[in-house]
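There are 4 protein chains.
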Amino acid sequence: MPGNSIGQLFRVTTFGESHGLALGCIIDGFPPGMALSEKDLQIDLDRRRPGTSSYTSSRYEQDQVKILSGVFNGITTGTSIGLLVQNENQRSLDYSDIKDVFRPGHADYTYQKKYGIRDYRGGGRASARETVMRVAAGTIAKKYLRQQLGVIIRAYLSQLGNIFCELKDWDLVEQNPFFCPDITKLDALDSLLSSLKKEGNSIGAKITVIAEYVPVGLGEPVFNRLDADIAHAMMSINAVKGIEIGAGFKVVTLKGNENRDEITNNGFIKNNAGGILGGISSGQQIITHLAFKPTSSIKIPGKSVNNDGDEIEVITEGRHDPCVGIRAIPIVEAMMAIVLMDHFLRYRAQCNIKF
Amino acid sequence: MPGNSIGQLFRVTTFGESHGLALGCIIDGFPPGMALSEKDLQIDLDRRRPGTSSYTSSRYEQDQVKILSGVFNGITTGTSIGLLVQNENQRSLDYSDIKDVFRPGHADYTYQKKYGIRDYRGGGRASARETVMRVAAGTIAKKYLRQQLGVIIRAYLSQLGNIFCELKDWDLVEQNPFFCPDITKLDALDSLLSSLKKEGNSIGAKITVIAEYVPVGLGEPVFNRLDADIAHAMMSINAVKGIEIGAGFKVVTLKGNENRDEITNNGFIKNNAGGILGGISSGQQIITHLAFKPTSSIKIPGKSVNNDGDEIEVITEGRHDPCVGIRAIPIVEAMMAIVLMDHFLRYRAQCNIKF
Amino acid sequence: MPGNSIGQLFRVTTFGESHGLALGCIIDGFPPGMALSEKDLQIDLDRRRPGTSSYTSSRYEQDQVKILSGVFNGITTGTSIGLLVQNENQRSLDYSDIKDVFRPGHADYTYQKKYGIRDYRGGGRASARETVMRVAAGTIAKKYLRQQLGVIIRAYLSQLGNIFCELKDWDLVEQNPFFCPDITKLDALDSLLSSLKKEGNSIGAKITVIAEYVPVGLGEPVFNRLDADIAHAMMSINAVKGIEIGAGFKVVTLKGNENRDEITNNGFIKNNAGGILGGISSGQQIITHLAFKPTSSIKIPGKSVNNDGDEIEVITEGRHDPCVGIRAIPIVEAMMAIVLMDHFLRYRAQCNIKF
Amino acid sequence: MPGNSIGQLFRVTTFGESHGLALGCIIDGFPPGMALSEKDLQIDLDRRRPGTSSYTSSRYEQDQVKILSGVFNGITTGTSIGLLVQNENQRSLDYSDIKDVFRPGHADYTYQKKYGIRDYRGGGRASARETVMRVAAGTIAKKYLRQQLGVIIRAYLSQLGNIFCELKDWDLVEQNPFFCPDITKLDALDSLLSSLKKEGNSIGAKITVIAEYVPVGLGEPVFNRLDADIAHAMMSINAVKGIEIGAGFKVVTLKGNENRDEITNNGFIKNNAGGILGGISSGQQIITHLAFKPTSSIKIPGKSVNNDGDEIEVITEGRHDPCVGIRAIPIVEAMMAIVLMDHFLRYRAQCNIKF
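Protein chains in written order, with this note's numbering: chain A, 3 to 357; chain B, 3 to 357; chain C, 3 to 357; chain D, 3 to 357.
Note that these hints are calculated values from the structure, not bench results. Some hints could be false.
The calculated PhoX-like cross-link candidates involving lysine-lysine, where the alpha carbons are at most 20 angstroms apart (straight line), are [said to hold, decoys possible]:
| hint | chain 1 | residue 1 | chain 2 | residue 2 |
| --- | --- | --- | --- | --- |
| 1 | B | K199 | A | K257 |
| 2 | C | K252 | D | K252 |
| 3 | B | K200 | A | K257 |
| 4 | D | K272 | C | K305 |
| 5 | A | K257 | B | K305 |
| 6 | C | K272 | D | K305 |
| 7 | D | K200 | C | K257 |
| 8 | C | K145 | C | K41 |
| 9 | A | K199 | B | K257 |
| 10 | C | K257 | D | K199 |
| 11 | A | K272 | B | K305 |
| 12 | A | K305 | B | K257 |
| 13 | A | K301 | B | K257 |
| 14 | C | K305 | D | K257 |
| 15 | A | K305 | B | K272 |
| 16 | A | K301 | A | K101 |
With the hints as extra help, turn the sequences into a complete structure.
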């Protein structure tokens with residue numbers, strides 16, 4: 003299978019370039035009978051969309067999504083759902099200065115070598131603008147999981163540079179532009195991002211996503227373990243360089259008796275496993291941490307080469323986020339929803355009828 | 003697709019339980035024309051197999067692999083390759099004491115809840131014994147990649163508990179039972195593992211795997227990025243709780259100008275990206291770090307419940323590794339080989355003919 | 003995988019209902035570097051589109067296709083190709099008379115029972131209007147196969163009712179509205195179709211599709227034989243009820259020495275096999291015959307029931323083809339192209355590098 | 003995906019050559035909780051196996067199947083099921099006379115051209131011996147469908163040469179070596195096959211398979227229609243050259259009002275559709291007809307060429323069926339069971355939970 007699809011039974015296939023005419027996707031396998039409107043999709047698209055605070059890219063997009071099929075009289079029909087978002091603000095710039103340049107930290111070099119051609123405008127298919135459709139598709143899964151199973155999926159900023167944000171208040175997350183759950187860190191975040199913006203630099207971030215009320219039993223051993231599919235989905239997001247399930251890299255220094263989550267009549271007494279045992283959800287919270295690298299598009303000059311092999315200096319002007327991790331919050335939630343939705347349907351196929 | 007397959011074009015499907023009659027796999031999509039013998043496969047199977055040092059499980063298995071199809075007169079034919087390993091030492095124990103018990107840290111609970119039935123002998127399908135076939139399949143991929151492309155895939159122990167092992171000497175890795183590349187750490191490893199064994203406890207580990215001489219261009223945007231498929235494959239290994247590509251979680255504290263790998267006429271000046279840009283291999287070393295949790299099967303009593311919901315105390319007697327990460331070295335290499343092989347075939351399908 | 007995709011490496015996923023806003027598809031896996039324009043796609047879309055002769059439905063659609071991604075400066079880039087066709091003439095009728103009715107011969111009944119809901123306007127997703135996107139995608143494959151390999155794919159009307167049309171003249175096929183290759187049958191076809199139109203009835207047809215200059219070696223034993231994948235693709239077209247490869251059902255009465263195609267230095271001496279041996283193309287012409295049932299939408303009253311189980315009489319007014327087989331010519335060619343393209347990429351993945 | 007798998011959720015992957023060590027398969031996705039023994043599998047394996055009458059190949063094989071995994075204490079566990087059959091009677095012949103010869107009607111030529119190498123012993127992977135594993139896997143699906151849904155799948159010989167066999171008596175089918183349901187034709191069949199055997203020739207056959215009590219709703223529009231997947235599965239059987247659903251090629255001469263199956267309160271009044279409307283099962287009998295070509299391995303000399311391009315004469319000595327269609331009965335049933343099982347799981351995934 004080529005690379006533009008994710009999921010087996012809840013299957014999302016996307017298309018679109020950063021500065022092309024439109025972004026779109028097809029969602030295949032979604033069950034019939036759920037109420038669905040464009041308004042439902044817009045909520046997370048608006049959480050993701052640029053130009054909404056001074057800490058994100060100033061590229062302005064309405065990101066108005068259109069449902070083209072699969073919904074009839076406001077209800078899903080079981081047929082494939084086509085979604086479309088027009089690109090409005092793709093700016094017809096003069097690209098002559100960048101079209102032959104491999105920007106360091108970007109996919110310019112690898113796309114050119116792999117395909118022999120690339121859409122160099124705004125990163126083309128490699129741009130994070132591609133994630134618009136992930137968010138749209140994920141929102142549909144989220145709604146279904148919440149309605150059918152009570153699943154709640156939420157993410158927050160857990161670290162930015164050396165600023166650590168504890169999960170103190172979920173409500174706060176939606177009330178500040180950093181998706182930070184810790185009110186004591188808002189000033190530090192603001193001043194760090196402001197100073198980075200001034201120097202034309204960027205910073206990495208750690209995002210934590212938690213899925214609650216996931217039923218026991220999702221995940222297919224041995225290769226499509228739930229954690230393996232989560233790792234795949236998350237690592238497919240632009241800029242992600244690391245992923246942890248539960249205790250993650252902390253397990254390296256733990257002893258067996260410290261790490262294992264003992265069980266009592268009240269359930270597991272802790273959750274180092276991150277809600278997954280043997281690749282199957284245990285009913286505990288599913289907890290995942292992700293490392294986002296700093297935006298590579300910065301105004302500080304960097305060394306590179308061009309198509310002809312000449313050494314050059316690159317400065318990326320334009321509208322970029324000082325921390326790409328922040329805007330990834332709804333994307334991360336969407337990917338978690340896509341994986342859980344897919345595994346819920348898979349579970350239902352194999353396991354739900356009693357003999 | 004159900005969960006017992008990995009890869010799209012180089013496709014490995016496995017079966018077998020820890021204490022069943024045999025383990026087997028089918029490899030589909032392997033190119034015709036390569037010399038292949040059972041001896042080729044045995045090399046890594048022997049590196050993986052238990053009972054070879056005092057630091058690993060004392061379960062003794064020959065792990066003699068049989069090639070049942072797909073090879074004719076010593077040459078692969080392009081048809082599906084069937085492999086089989088008999089379980090010899092499955093020990094007909096009395097399992098009455100564990101068959102109703104959910105061992106903490108194990109998949110007992112989730113298998114029972116998902117399937118309503120489980121093979122409780124030695125962990126059944128959830129046992130790491132399942133990885134025998136991963137190693138066999140991976141060895142075939144490794145041989146092909148080395149012969150056709152010169153790719154070299156090697157892994158080593160980079161951390162065990164708080165002992166850090168630097169990559170000083172690849173040759174050393176195969177000369178000590180810890181797969182440690184740093185001669186100064188062998189004594190510390192020995193004494194830590196010996197003391198753990200004595201107290202019936204276990205410890206986590208960090209494994210690093212490096213693929214060298216991978217050609218530019220492997221990986222399929224956007225969902226089947228090379229790093230996403232590596233993350234998937236690695237997280238599907240028993241006990242893995244974290245994965246990093248290149249700088250991994252270090253990127254959280256890096257600035258954009260620190261993190262990006264600048265390019266000169268001599269190539270990239272460093273490798274924070276871990277050899278992958280935009281999901282496509284860049285020609286640099288592919289570097290991945292993995293966190294393995296400590297073995298959950300330990301002799302220190304732990305709290306749990308049984309099928310009836312009664313609180314009980316569990317002690318896992320039997321033949322277990324004090325550090326499951328150590329024996330994972332050939333498994334990790336195998337999974338890397340499987341992913342690279344698959345992506346090499348995918349690359350060839352889409353990109354190798356010039357217009 | 004849900005049902006709206008076809009192909010493994012050249013993968014086409016479609017959406018859209020007969021009277022929805024638009025039809026669309028995503029083509030994934032197409033190689034980079036081929037010139038592609040909307041004009042290329044329009045040729046076959048125009049051959050398929052309704053309202054072009056008095057023998058086809060009078061529904062008028064421009065079927066103007068838009069390429070939304072995957073092509074940059076007129077050249078394919080290797081990323082997913084998004085295509086869109088707006089529905090223009092979906093007519094906002096009053097559907098109150100048909101929304102609860104199961105038209106005999108149609109999918110109304112089965113969609114309702116399967117999904118519990120259906121878009122009843124013009125057949126919804128079950129309408130042959132869905133094939134617009136098959137034609138668009140197939141045209142891209144056709145162009146590639148012709149340019150890269152010299153493959154020519156053409157179909158013609160070989161039988162309509164009891165009128166048999168011999169393959170006398172390929173050029174004639176595009177010069178008459180019946181896609182008939184036999185000039186002596188044009189009058190008979192005209193008068194039969196005219197009389198059917200007058201009585202509000204319809205008729206079945208046999209279509210033959212031939213692919214020439216297909217290289218030896220396409221097809222993957224044992225389940226994805228080339229003929230098996232052709233059968234799958236063709237039977238997925240609305241109204242197809244039978245498929246033959248080469249001699250087809252004639253083989254039932256043939257003896258072994260009559261049926262087998264002997265080989266000399268000049269190649270095979272006949273082609274009962276239809277160009278496929280053991281599921282793999284032999285280099286001969288690939289010949290497939292298809293049976294299309296008569297359009298079920300006719301003006302002659304028929305018995306049926308409604309949602310409430312009441313017996314009713316159904317007359318299908320509206321704009322329908324007296325012989326749906328005729329308009330299927332470009333669809334059949336498209337499906338053949340999609341299968342061959344997919345298998346060419348698969349061949350290249352597994353077989354094209356010599357040891 | 004390479005070619006040795008079939009099914010999406012009930013997934014069967016096979017390996018093995020005619021004269022290799024063994025044949026095997028892995029069944030992935032089968033639900034937990036069903037009683038399953040080797041005896042269950044043996045029933046259809048025995049119906050298929052050679053050497054049981056004077057009308058079939060005299061190659062003698064026990065075809066004793068071994069269940070290697072996925073069943074615990076006689077109950078399926080939801081993990082992958084590994085099956086194995088040893089080849090016992092593979093006869094170490096001297097193959098020097100055939101190893102460079104392309105037997106007409108066989109896959110020798112295409113395998114050689116595609117892969118550059120082939121196992122020439124007994125047809126290798128292209129031999130119908132490969133279908134042993136289809137039958138084993140199909141039997142598991144058959145048992146499940148019968149137990150869970152009451153589905154009955156049966157096939158019979160409907161034509162052999164010019165002898166037409168009507169479906170008069172299902173019981174008779176299992177009581178004669180031709181699987182013929184018409185007692186008046188047994189003598190004619192016997193004398194035709196005996197005379198063919200004498201002259202060293204073979205004959206084609208038509209097989210009809212009927213699935214009864216299939217629930218409404220199986221099949222996934224638009225590409226994975228139930229009929230499309232049946233066509234795929236059946237055309238993947240060795241020697242099949244044509245397939246019909248319901249009225250099949252008869253529809254070519256039918257008018258719309260003759261072909262459509264009207265509906266009353268007592269259900270459909272006939273079944274030209276063959277139980278499938280819009281690609282979805284309607285609850286009627288699913289009826290499929292298949293054309294099997296005559297065995298190509300005959301004793302009558304035929305022209306061919308060898309690897310060096312020299313013209314030669316080929317006579318196929320050895321143990322071959324005068325009509326390969328006869329022995330295909332259990333294979334055809336198995337393929338139908340595999341497709342229906344797969345679609346039942348798919349249906350359950352998408353449709354069975356009400357909002």
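Contradicted hints - numbers only: none
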